[in-house]
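Engineer: Protein sequence lines correspond, in order, to chains A and B.
Note that our numbering gives residue 162 to position 162 of the first sequence, counting from 1, and the numbers run on in steps of one.
Note that our numbering gives residue 44 to position 44 of the second sequence, counting from 1, and the numbers run on in steps of one.
None of these hints come from the bench; they were simulated from the model.
Hints may be right or wrong, so weigh each one.
Treat identical chains as interchangeable: a pair holds within one or across any two.
Stated by the list, open to error - Restricting the straight-line Cα-Cα distance to at most 20 Å, the calculated cross-link-like pairs of lysine to aspartate or glutamate (DMTMM-like) are:
1) K112 - E162
2) K112 - D37
3) K41 - E193
4) K41 - E189
5) K78 - E158
6) K84 - E140
7) K161 - D24
8) K198 - E85
Protein chains: 2
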Amino acid sequence: MESSKKIISNPVINRLPRYYRYLDNLLKNGVRRISSDGISKLMGLTPSQIRQDFNLFGGFGQQGYGYNVAQLHEEIGKILNLDKELPTILIGAGNLGRAVASNALGGSNGFKLIGVFDKNAENISQNIAGLPISPMSELEAFCKENKPQVAVLCTPTESAKELADRLISLGIDKFWNFTNYDLLVHHPEILVENVHIKDSLMALSYRANNSSERK
Amino acid sequence: MESSKKIISNPVINRLPRYYRYLDNLLKNGVRRISSDGISKLMGLTPSQIRQDFNLFGGFGQQGYGYNVAQLHEEIGKILNLDKELPTILIGAGNLGRAVASNALGGSNGFKLIGVFDKNAENISQNIAGLPISPMSELEAFCKENKPQVAVLCTPTESAKELADRLISLGIDKFWNFTNYDLLVHHPEILVENVHIKDSLMALSYRANNSSERK
Chain A
1 MESSKKIISN
11 PVINRLPRYY
21 RYLDNLLKNG
31 VRRISSDGIS
41 KLMGLTPSQI
51 RQDFNLFGGF
61 GQQGYGYNVA
71 QLHEEIGKIL
81 NLDKELPTIL
91 IGAGNLGRAV
101 ASNALGGSNG
111 FKLIGVFDKN
121 AENISQNIAG
131 LPISPMSELE
141 AFCKENKPQV
151 AVLCTPTESA
161 KELADRLISL
171 GIDKFWNFTN
181 YDLLVHHPEI
191 LVENVHIKDS
201 LMALSYRANN
211 SSERK
Chain B
1 MESSKKIISN
11 PVINRLPRYY
21 RYLDNLLKNG
31 VRRISSDGIS
41 KLMGLTPSQI
51 RQDFNLFGGF
61 GQQGYGYNVA
71 QLHEEIGKIL
81 NLDKELPTIL
91 IGAGNLGRAV
101 ASNALGGSNG
111 FKLIGVFDKN
121 AENISQNIAG
131 LPISPMSELE
141 AFCKENKPQV
151 AVLCTPTESA
161 KELADRLISL
171 GIDKFWNFTN
181 YDLLVHHPEI
191 LVENVHIKDS
201 LMALSYRANN
211 SSERK
């Protein structure tokens with residue numbers, strides 16, 4: 001870590017994307033300034049929590065004037081490193097892989113999709129984000145030449161362990177994991193961000209049947 | 001809420017699906033008993049946290065013998081109401097809608113998909129989970145006849161506000177929301193579970209560039 005950067009705690013890191021998303025919506029709606037009270041009402045956080053979080057990054061607000069939305073949006077984007085283009089490959093060109101590539105991996109987001117692989121590549125003629133689907137047999141040669149740093153796993157969970165071992169041996173150490181396989185059990189040294197879509201559905205199931213516990 | 005049920009706090013509710021997922025994997029791997037230490041190592045929670053959580057549901061463990069995996073799996077499934085079949089419709093039959101329907105909405109999960117709608121239904125011949133894709137113009141008649149309680153939103157964010165207003169007026173009060181529209185701003189009375197796939201990608205972007213902060 002660069003010495004000029006502050007250490008930001010995990011809960012704050014997890015709030016940053018939410019801030020960024022709300023600011024993005026405000027910008028699109030032409031809102032130029034907003035107070036911490038205003039953000040508070042939108043996001044369901046307390047104004048003091050918001051001020052505390054924003055102070056961590058140098059406090060972009062002015063007392064009585066509120067925050068400059070565009071500036072705050074840009075600063076948080078920089079903190080999140082959304083201007084980077086980490087070379088990224090997608091494994092799994094099914095509906096989920098396609099949805100993830102088109103909904104999340106397009107635009108400035110910190111990553112650049114440079115390859116897509118699928119074990120049934122020969123049956124898939126449709127490109128993803130302008131990239132052809134390559135067979136898994138080409139993975140080694142591709143990684144040697146293009147040195148991707150990040151892999152997005154959109155395969156069935158059953159194949160995830162073998163696949164992760166293979167990708168890690170090829171030098172990939174950052175994963176965006178949509179499978180239910182827990183990569184950190186065998187590879188504590190890598191970085192993994194999991195998306196467990198079904199966990200969210202189960203939480204909805206609980207709350208849908210216990211309605212008095214809604215917040 | 002039924003008086004026989006205990007109130008479970010939000011952090012515990014959010015851990016339940018993870019427990020369920022790990023227990024499901026253990027069952028599939030033939031593990032019949034596990035100690036809180038064993039679960040702790042798998043999940044990265046402290047053994048005392050796990051015992052405390054499980055005690056809330058009546059404590060299924062036996063000192064020195066550990067937990068019966070199948071029984072714990074079943075009990076947590078019941079707490080999550082995965083045996084229910086809340087009538088559910090999906091709006092948006094693109095890649096994301098298809099991925100969500102096939103990866104999450106199949107099987108016993110508390111919900112039963114009874115209808116799929118898309119504004120371009122006439123161009124989509126491929127069924128989803130055995131259901132044809134209906135045009136949006138049929139939404140009112142369908143809801144009157146079939147009374148769905150839950151809607152899964154897999155549409156572009158731009159159309160989400162109008163769509164949510166329409167669905168709520170048709171009696172739907174539970175949403176699994178994949179758009180970036182914040183439904184609770186205009187409808188605080190409904191139940192919403194959000195999946196913000198991009199938030200996870202932004203957190204990965206932060207951590208990928210601040211490697212010393214990996215946990």
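Engineer: Now look at each hint and say whether the structure bears it out.
Structural biologist: Status of each hint after checking the structure:
With identical chains, the CA atoms of K112 and E162 are never at most 20 Å apart, being 24 Å at best within one copy and 33 Å at best between copies. Taking identical chains as interchangeable, the C-alpha atoms of K112 and D37 are never at most 20 Å apart, the minima being 36 Å within one chain and 40 Å between chains. For the homomeric pair K41 and E193, the shortest alpha-carbon distance between copies (19 Å) is at most 20 Å, but the shortest distance inside one copy (29 Å) is not. In the homo-oligomer, the alpha carbons of K41 and E189 lie at most 20 Å apart only across protomers (16 Å), although the nearest pairing inside one protomer, at 40 Å, exceeds that limit.
With identical chains, the CA atoms of K78 and E158 are never at most 20 Å apart, being 37 Å at best within one copy and 26 Å at best between copies. Proximity of K84 and E140 under a CA criterion of 20 Å is satisfied in neither setting, with 25 Å inside one chain copy and 46 Å between copies. For a Cα distance limit of 20 Å, the shortest separation of K161 from D24 across copies, 17 Å, qualifies, whereas the shortest one inside one copy, 37 Å, does not. For a Cα distance limit of 20 Å, the shortest separation of K198 from E85 across copies, 15 Å, qualifies, whereas the shortest one inside one copy, 29 Å, does not.
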